[in-house]
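Chain by chain, the residues:
Number of protein chains: 2
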Amino acid sequence: MSCKASLLTIGDELLIGQVLNSNAQWMSERLTEIGWEVTAHLTVGDREDSIRDAVSFLLKSSDALLIGGGLGPTHDDITLEVLSRFFKVPLEMDQEWLGTLEQFFRSRNREMTENNRKQAFLLKGATRIDNDCGTAAGQFLEEGKTSVFVMPGVPHEMKSMMERFVLPNLGSKSLASGERILKTTLLTTGVGESALASRLDPFVRKVASIPSMTLAFLPSLTTVRLRLQMRCRTPEEEAFFAEMTSELQSACGEDYFGREPGSIDALVITRLRELNRTLALAESCTGGLVTHRLTQIPGASKVLRGAIIPYQEELKQSELGIPGALLESRGVVSGETARAMAEGVRRKWGTDYGLATTGYLGPTGGDPFAPVGTVWIALAHAGGTVAREYRYENHRERNKERAAQSAIDCLRRNLQAGP
Amino acid sequence: MSCKASLLTIGDELLIGQVLNSNAQWMSERLTEIGWEVTAHLTVGDREDSIRDAVSFLLKSSDALLIGGGLGPTHDDITLEVLSRFFKVPLEMDQEWLGTLEQFFRSRNREMTENNRKQAFLLKGATRIDNDCGTAAGQFLEEGKTSVFVMPGVPHEMKSMMERFVLPNLGSKSLASGERILKTTLLTTGVGESALASRLDPFVRKVASIPSMTLAFLPSLTTVRLRLQMRCRTPEEEAFFAEMTSELQSACGEDYFGREPGSIDALVITRLRELNRTLALAESCTGGLVTHRLTQIPGASKVLRGAIIPYQEELKQSELGIPGALLESRGVVSGETARAMAEGVRRKWGTDYGLATTGYLGPTGGDPFAPVGTVWIALAHAGGTVAREYRYENHRERNKERAAQSAIDCLRRNLQAGP
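Chains as they are written, first to last, in the numbering used here: chain A, 923 to 1341; chain B, 923 to 1341.
I should point out that these hints are in silico values taken from the structure, not numbers from a laboratory. Check before you lean on any hint, since a few could be wrong.
Unchecked claim - Derived contacts from chain B toward chain A, CB cut-off under 8 Å, selection only:
| hint | residue |
| --- | --- |
| 1 | Ala946 |
| 2 | Thr954 |
| 3 | Thr961 |
| 4 | His997 |
| 5 | Val1011 |
| 6 | Pro1012 |
| 7 | Ser1185 |
| 8 | Gly1210 |
| 9 | His1214 |
| 10 | His1317 |
| 11 | Glu1319 |
Claimed, not checked - 30 Å max Cα-Cα, derived DSS-like pairs, lysine-lysine:
| hint | chain 1 | residue 1 | chain 2 | residue 2 |
| --- | --- | --- | --- | --- |
| 12 | B | Lys1224 | A | Lys1270 |
| 13 | B | Lys1128 | B | Lys1067 |
| 14 | A | Lys1224 | B | Lys1270 |
| 15 | B | Lys1040 | B | Lys1010 |
| 16 | A | Lys982 | B | Lys982 |
| 17 | B | Lys1128 | B | Lys1010 |
| 18 | B | Lys982 | B | Lys1128 |
| 19 | A | Lys1010 | B | Lys982 |
| 20 | B | Lys1270 | A | Lys1270 |
| 21 | B | Lys926 | A | Lys982 |
| 22 | B | Lys982 | A | Lys1067 |
| 23 | A | Lys1040 | A | Lys1067 |
| 24 | A | Lys1105 | A | Lys926 |
| 25 | A | Lys926 | A | Lys1046 |
| 26 | B | Lys1067 | A | Lys982 |
| 27 | B | Lys1010 | A | Lys982 |
| 28 | A | Lys1010 | A | Lys982 |
Heads up, the beta-carbon is just placed ideally off N, CA and C, and yes, glycines get one too.
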């Protein structure tokens, strides 16, 4: 069958630019994964004529229509009334959901108003989609050849309904009996999209020859994600998908660091914990961003002793014991200084690793040794100290983000190199 | 005249969920500001039938139609060809823009291909909108009663065309002769939306009685923005707007910290520089986020000496001189510890200010003195040391963001209190 889906979002707050429609992106990504083609995103305000025109327009070309928003308890939430008139289907009180709502308000000691009771109405003949984290139920009905789903606009409520009800329902239509879509997203860093694409060229050609398989390159400033996907029916096909995933991982070499939903920050903390090793940071140009990222991970305090951010030059001397003569002869942004910082903080706090950053991020700065955009990263450990230079453009925020990623990646490569 | 605008975005990358449509939010906000009502956002793929259906649907109800995307040099960029057939207007080579493109490629030593020449075509009768940062020109034409604008999807190219051409053009239609819209956005922090709304109730009522004026509350996790806007014709009205802005600022009290496009981080750095005062940080629970935010501001190195992040308890003792007995008797998350940290780092590095954070952000942690979600902030300076406790929920990332904001705000209040 044809599997074309469209998304209708209802809400004035989107049309005045107060809210960003991130739901549409998330839903599109998930629908695409299960073999549906999303043909339109349409957003209109909380007005009867706009909603009617929108539904009528989208129904023409959609096998599935996913409607979000306007299910709240207030007077401007009119989605259900409008759909009731448009589809010529009455609204009926769902006694079971009313009971759930009454219980919800009782347990929170809140009064249930007439407006709240409104949320217990269902379109006649519709299947209720339970809301496990809010009061507005979702609804599913077949309208002619189109499957219509109505969900709240609140992101986590919508996502929960999608996972529990909508995606399984639609997946059963896009996939042949016994077929399922396997998907994995490999994460790489330290390599640009075009360099990676050249390296993976033989693999890309191989994938192109397999009709049931796709590979997408998803680049960002510091990471290239590789999404590999395949429609499988048999255990042999599933084994083949696993083989291809391993092959892709090998082809990425050491630039591969993990799979979604993992992150390089979580990986580094987990690996340090597994190896029972400790880390100290000396961040100059990254100004705390590396430590901030690593301390987002629960349990970081088990392995991360702390950080020093010697933002002014004298602190590099007083706190990390870097000789003033070195700073003068080599410059504060240099491999020698980065090494001395990494070794200094490691020695100072007796950790297994010392990781350091120093650089000129811009817009001003630079010296005869290093122009704006120069960053040095160093990692000190029992096996010695490594330092590496990066040359970026003159863009302070991007440079900081890149430098922080390079620092974390430097440690990651050492940790993944083996026990 | 009626001023209804709709936005059409063209691009497969949005429908597969690879790209988030942030353009639509930005454009909607700007159009709303100049008195236009945005009635629809529609996104479709790079296919002739989809684009035709979309344009035809939106034209019906729009006085202005803003089309973005599909102007690139590759074969799947078909927006102009489709519009040419749909509007029955031929495409014509714009010799002047072709010259600009040739110059563009020459100056970069890049070859100009036949595909690139495609970008020099204009719809016959359309006005060219110059692109000052890319190769795809924008176009403006009147189609029946609707003003149609065609722009690239690249955000900074679109924004530049909006500012230079589209907004002035549309503003001249929504505004009466001599009328202009004044707008200012006041920034507050440290107060919730509902508490602020109660406090501002008399002001809100006053605004409600002035038809040409609007006030919007725009809350986020750590800030409530207040957007005040007025249609003005006369110098007296402009003076009245300025008065109302001052009145709103006064009503916000010390929770007001500045106006857009300012930020609390930039304000703190600027104020420290003006007063020629220095700052040192001791961040425990915020793990570098405060320092990261402040070092995003160019020139931070003039006043921010550095930071210490004593993530493990022993470092609080060894680096900041906090007695082990204090940590034991009062707890590591306590007002006493926060004070000792702020005073310790101020003394250690001889700065005017010492700012410290300590807390349990979750998901685990907590002790008999302080449950998960407790954060203490302290600020030490020549006039003494202040400390304040915050109780948040159990949500690590939100807590870190709130704690960092509270710390910066603590310093901001001291800096704004006077010289």
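Now the hints, each set against the structure:
1. Given the 8 Å rule on beta carbons, the hint for Ala946(B) holds: about 7 Å separates it from the nearest Cβ of chain A.
2. Evaluation of the Thr954(B) hint against chain A yields a held restraint, the C-beta minimum of about 5 Å falling below 8 Å.
3. Because the smallest distance between the Cβ of Thr961(B) and any Cβ of chain A comes to about 6 Å, under 8 Å, the interface hint for this residue holds.
4. Among the interface hints, the one on His997(B) is violated; its C-beta lies about 18 Å from the nearest C-beta in chain A, farther than the 8 Å criterion.
5. Annotation: Val1011(B) was flagged as interfacial toward chain A, and the flag is violated, the nearest CB pair being 25 Å apart, outside 8 Å.
6. For Pro1012(B), the suggested interface contact is broken, since its CB lies about 28 Å from the closest CB of chain A, more than 8 Å.
7. A distance limit of 8 Å between C-beta atoms decides the matter here; for Ser1185(B) the minimum to chain A is near 13 Å, and the interface restraint is violated.
8. Checking Gly1210(B) against chain A by beta carbon gives a least distance of about 3 Å; that is within 8 Å, so the hint holds.
9. Because the beta carbon of His1214(B) sits about 4 Å from the nearest beta carbon in chain A, less than 8 Å, this interface hint is met.
10. Proximity of His1317(B) to chain A is violated relative to the hint, the smallest CB-CB distance being about 11 Å (cut-off 8 Å).
11. Given hint, Glu1319(B) at the interface with chain A, holds; its Cβ is 6 Å from that chain's nearest Cβ, closer than 8 Å.
12. At most 30 Å may separate the alpha-carbon atoms for a hinted pair to count; Lys1224(B) and Lys1270(A) meet this at roughly 26 Å.
13. For the given pair, Lys1128(B) sits about 38 Å from Lys1067(B) by alpha-carbon distance, which is inconsistent with the 30 Å threshold.
14. Annotation: proposed proximity of Lys1224(A) to Lys1270(B) holds, straight-line Cα distance about 26 Å (limit 30 Å).
15. With a C-alpha separation of about 19 Å, the suggested pairing of Lys1040(B) with Lys1010(B) holds against the 30 Å cut-off.
16. Only pairs whose Cα atoms come within 30 Å are accepted, and Lys982(A) paired with Lys982(B) is accepted, the gap being roughly 17 Å.
17. Among the hinted pairs, Lys1128(B) with Lys1010(B) is inconsistent with the structure: their alpha-carbon atoms are about 52 Å apart, more than 30 Å.
18. The suggested pairing of Lys982(B) with Lys1128(B) is violated, with an alpha-carbon distance near 38 Å, which exceeds 30 Å.
19. A hinted pair counts as satisfied when its Cα atoms are at most 30 Å apart, and Lys1010(A) with Lys982(B) qualifies at roughly 25 Å.
20. A distance of roughly 16 Å separates the Cα atoms of Lys1270(B) and Lys1270(A); the hinted pair therefore holds under the 30 Å criterion.
21. Taking the CA atoms of Lys926(B) and Lys982(A), the gap is about 25 Å. The hint holds against a cut of 30 Å.
22. Proximity of Lys982(B) to Lys1067(A) is assessed by CA-CA distance (about 26 Å); at most 30 Å being required, the pair is judged to hold.
23. With a C-alpha separation of about 29 Å, the suggested pairing of Lys1040(A) with Lys1067(A) holds against the 30 Å cut-off.
24. The straight-line distance between the Cα atoms of Lys1105(A) and Lys926(A) is roughly 21 Å, inside the 30 Å bound, and the hint therefore holds.
25. Of the supplied pair hints, the one linking Lys926(A) and Lys1046(A) holds, its CA atoms being roughly 25 Å apart against a limit of 30 Å.
26. Annotation: proposed proximity of Lys1067(B) to Lys982(A) holds, straight-line Cα distance about 26 Å (limit 30 Å).
27. The hinted pair formed by Lys1010(B) and Lys982(A) meets the criterion: a straight-line CA distance of about 25 Å does not exceed 30 Å.
28. Of the pairs offered as hints, the one joining Lys1010(A) and Lys982(A) holds, with about 17 Å between alpha carbons and a cut-off of 30 Å not exceeded.
This entry does not satisfy hints 4, 5, 6, 7, 10, 13, 17, 18, going by the numbered hints stated previously.
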